[in-house]
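Working from the sequences, and respecting the hints, build out all of it.
Here is what each chain is made of, one letter per residue.
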Amino acid sequence: MTGALRRLVAPLSLVAAAAGLGVLAFAPGHAGATAGVATGATATASPPAALPGSLLAANATRTHSSSNLQLGQTLFQESCSSCHGTDAQGSALAPNLRGLGAATVDLWVSSGWMPLANPAAQPVVKPDRFTRAQTVAIADWVGSLAGGMAIPHPNLAGASVSEGMSVFALNCAPCHTITGAGDALSNGITAPSLHSETATMINEAVRTGPGNMPRFGPGTLSQKQVLDVVAYVRRYIQHPTSGGNDLGGIGPVAEGFIGLFVGVGLCVLAAFWIGDRTPRDLDEHAHGSDVPHGPGTTEHA
Amino acid sequence: MSTSAAGERSNPADKAYRWVDDRLAISRGGRHLLNKIFPDHWSFMLGEIALYSFIVLLLTGIFLTLYFVPSETTVIYHGAYKPIDGQRISEAYASTLNLSFAVRAGLLMRQMHHWAANIFVGSIVVHLLRVFFTGGFRKPREINWIIGANLLILAIFNGFLGYSLPDDLVSGTGIRIAFSILESVPFVGSQLAFLLFGGNFPGTAIIPRFFIIHVLILPLVILGLLGAHLGMLIRHKHTQFRQAHAREDNVVGTPLWPTFAMKTGGFFFLTTAVTVLLGALVQINPIWQYGQYYPYKVSYAVQPDWYMGFLDGALRVMPAWELHLPGHMIPNVFFPAILLPGITFTLLMLYPFIEAKLTGDVAEHHLLDRPRDRPVRTAFGVATFAFYFVLFGASATDVLANYLSLTLNFVLWAFRIMAIVVPFIVFAVTYKLCKELQQTPSAGKRQQFNLILRSADGGYTTVPAEQYPGYDQPELAPVDVEKVELTADAAQQDGDEGVYEIPRRYR
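Protein chains in written order, with the working numbering: chain A, 1 to 301; chain B, 1 to 507.
Just so you know, these hints were derived from the structure itself, not from any lab.
Just so it is clear, CB atoms sit at the ideal spot from N, CA and C, and this is done for glycine as well.
Check the hints yourself; a few may be wrong.
Facing chain A, a subset of chain B residues (Cβ under 7 Å, in silico) [stated by the list, open to error]:
#1 I234
#2 H238
#3 N402
Sample of chain A residues facing chain B (criterion: CB under 8 Å; computed from the structure) [claimed, not checked]:
#4 P174
#5 T177
#6 G182
#7 A184
#8 F216
#9 G219
#10 L221
#11 Y232
#12 G244
#13 P252
#14 A270
#15 A271
#16 G275
Each computed BS3-like pair below joins lysine-lysine, with the alpha-carbon atoms no more than 30 Å apart [to be verified]:
#17 K263(B) / K139(B)
#18 K224(A) / K82(B)
#19 K139(B) / K297(B)
#20 K224(A) / K297(B)
#21 K237(B) / K357(B)
#22 K357(B) / K432(B)
Quick look at the structure:
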């Protein structure tokens, strides 16, 4: 019990101190006000949305490397440490991040998957709460703790989309579908759509294997093949070209829907327009009639 | 036409017509055909959608055969589509790519062809439903019903064959499934599959074979059956709804020439316009994204075209049961993919005879039923349709799970339960609705608006209002056929939108 208490209290005090220091360092003008808010925020493990605006604005302008690491540490301890621990060592709630590398952290944060409500379930995409610089700072700080894959900067200049398509069809299409539209796998797991991922995210996902996705290490796909497949996804999967509206790339399901309801539907409407709508005056002896005919059939005094 | 005055003989078209008529005597039969009476109701035009989309299929299909190479010979592609540049692909796939990217209007033609196929099968189903629910299949039209059902089967088969021709990743997966389905036929499955494929899957014979069946054999059979279908339509004359002057022994409507010819000609252009619009604006089967089919490559979320959907759905919802006979195992695939469609289409073709047997009604019927007046048939039909519609929906389990954020397993089980439960619910609801509608004679009729007038002394009088305010065209009165010679000129003289009745004689 005391151990648990100590585990809880120690990081909290560390977070509070670090947060206060960070705020003092980056935003001296607002130090007094923001430090108090920030401490309160970490102590109750609020989501990062509770971060004061002035802190975010001040941090975004920082570019220097060591300051960036400091910024990353601050942001991590603000937003991530309540589950992952102050030094990214993990907790009962969330895994140890040390040694996973900056690329993994960058992918999970920039995709909007974090924070996870349930680490075992399919991540729900939430709006991105950090600027690109802040995400990179967090990822670099975690990467600086125990190494791992750095954030890649895929240079697609010499990439071959033809090679990329082959790699995609063999390795990616079995889950993400050949059009990259994504689809539901079994037991609530989903292969997400690739239609809006950045080159960096695709590269990171291939190399680090987030969630249920296999990790394609250098022994499986060469760096050239990764760049090829990134180029193919960026240039073709994300920009389907010919033939008009692609209906989300989900193939015959959408096509059948359009064919039946628009194609056949429009033709049936045309028939309805050309043809006669209702049979003329059904024979009264055949079906009877409750409609009064002729003038003055009913009269009320 | 033949009724032109002698003074107009100098007209070259007229002279040419006379020349032909003197030798072939086409006027008499032609007059008969041009005088064919078409009832006016819009639901009689649903089959025409199929007819006209079939014409679009023939025309675009001829264009496509000029460029498509039905061969599985491997070539190295160096064409307009960069992601396939340098890959080893079959000539069939390469020529489809060239058709899409290098041939002028090729992609439009391909997409029109594919959309027209979707509309073709869809309109056949809609037409079939109309004939079923109005009892149009009864004596003397049972043979035509069977021909129609066979046209539906052939349309589905030919659609599948055409979808398979480009040799792309998605259709190749479909052919793989078709091979396995054939193999599942008890006792002779392997032999059947090897016979059709010219050896084991995938082989190199299947694309050329499918091509010949798709562009030559089945279109000819379909054309022949279509001719028979329409021939019997002329022989029997149209059915008609119960309405003023309509009896079992006559047909009320407008003659083919000129009224109906104008309507149906316009309808042809409208149907074509829909396929052109879809072909130009909506992508269908982007084979360039799929890549060449190789047995070791597979894409998730592969569905067939919608008309095969009920089979795909049946395969998905079928539990993993196998039948172990002594010395022989009947695989799971056999039940949803062979037995189900076998039973389906057999029952479909036998339905007129089953109903006649059950009701004891073996009389001739030319007047159609309103669906509500046959509640059991209607409820049975809607319930059966609902069953296949659930199976059809089950072919999209993965897409539905993805878009509705449900688990795939839940969606699958939902469809399994719905396939059994929904038909019963639908039967009960439809039956009850029919019974209710029977009690509401005004349902579905043109509304008769009444004016309630108050007189000076306070009395109220109800007077029927103008039927469509502002629409001054009077109700067209039928003209007795004995009094009017049904020729083009006579029809025009008599007011060109006349409604006619002619006696029904086909024996």
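Outcome of the hint check:
1. A hinted interface residue such as I234(B) counts as satisfied when its beta carbon comes closer than 7 Å to some beta carbon of chain A; here the least separation is about 19 Å, so the hint is violated.
2. Look at H238(B): its Cβ only gets to about 13 Å from chain A, farther than 7 Å, so that hint breaks.
3. The interface hint given for N402(B) is met, as the beta carbon of that residue sits about 4 Å from the closest beta carbon of chain A, less than 7 Å.
4. Evaluation of the P174(A) hint against chain B yields a held restraint, the C-beta minimum of about 6 Å falling below 8 Å.
5. Given the 8 Å rule on beta carbons, the hint for T177(A) holds: about 4 Å separates it from the nearest Cβ of chain B.
6. The interface hint given for G182(A) is met, as the beta carbon of that residue sits about 7 Å from the closest beta carbon of chain B, less than 8 Å.
7. Here the hint on A184(A) is kept, as its CB sits about 4 Å from the closest CB of chain B, short of 8 Å.
8. Given the 8 Å rule on beta carbons, the hint for F216(A) is violated: about 16 Å separates it from the nearest Cβ of chain B.
9. The interface hint given for G219(A) is broken, as the beta carbon of that residue sits about 20 Å from the closest beta carbon of chain B, more than 8 Å.
10. Taking 8 Å as the C-beta cut-off, the interface hint given for L221(A) is violated, the closest approach to chain B being about 16 Å.
11. Using the Cβ-Cβ criterion of 8 Å, the hint placing Y232(A) at the interface with chain B is satisfied: the shortest such distance is roughly 6 Å.
12. About 5 Å separates the beta-carbon of G244(A) from the nearest beta-carbon of chain B, less than 8 Å, and the hint is met.
13. With a cut of 8 Å, the hint placing P252(A) at the interface with chain B holds, because the nearest CB-to-CB distance is about 4 Å.
14. Below 8 Å, beta-carbon pairs count as interface contacts, and A270(A) has one with chain B at about 4 Å; its hint therefore holds.
15. Checking A271(A) against chain B by beta carbon gives a least distance of about 4 Å; that is within 8 Å, so the hint holds.
16. Look at G275(A): its Cβ gets to within about 3 Å of chain B, closer than 8 Å, so that hint holds up.
17. Taking the CA atoms of K263(B) and K139(B), the gap is about 29 Å. The hint holds against a cut of 30 Å.
18. Note on K224(A) and K82(B): the hinted pairing holds, with a Cα-Cα distance of about 18 Å set against a maximum of 30 Å.
19. Between K139(B) and K297(B) the alpha-carbon distance is near 52 Å, which puts this suggested pair outside the 30 Å criterion.
20. For the hint linking K224(A) to K297(B), the alpha-carbon distance of about 21 Å falls within 30 Å, and the restraint holds.
21. A threshold of 30 Å between alpha carbons decides the hint, and for K237(B) with K357(B) the separation of about 25 Å falls inside it, so the pair holds.
22. Of the supplied pair hints, the one linking K357(B) and K432(B) holds, its CA atoms being roughly 24 Å apart against a limit of 30 Å.
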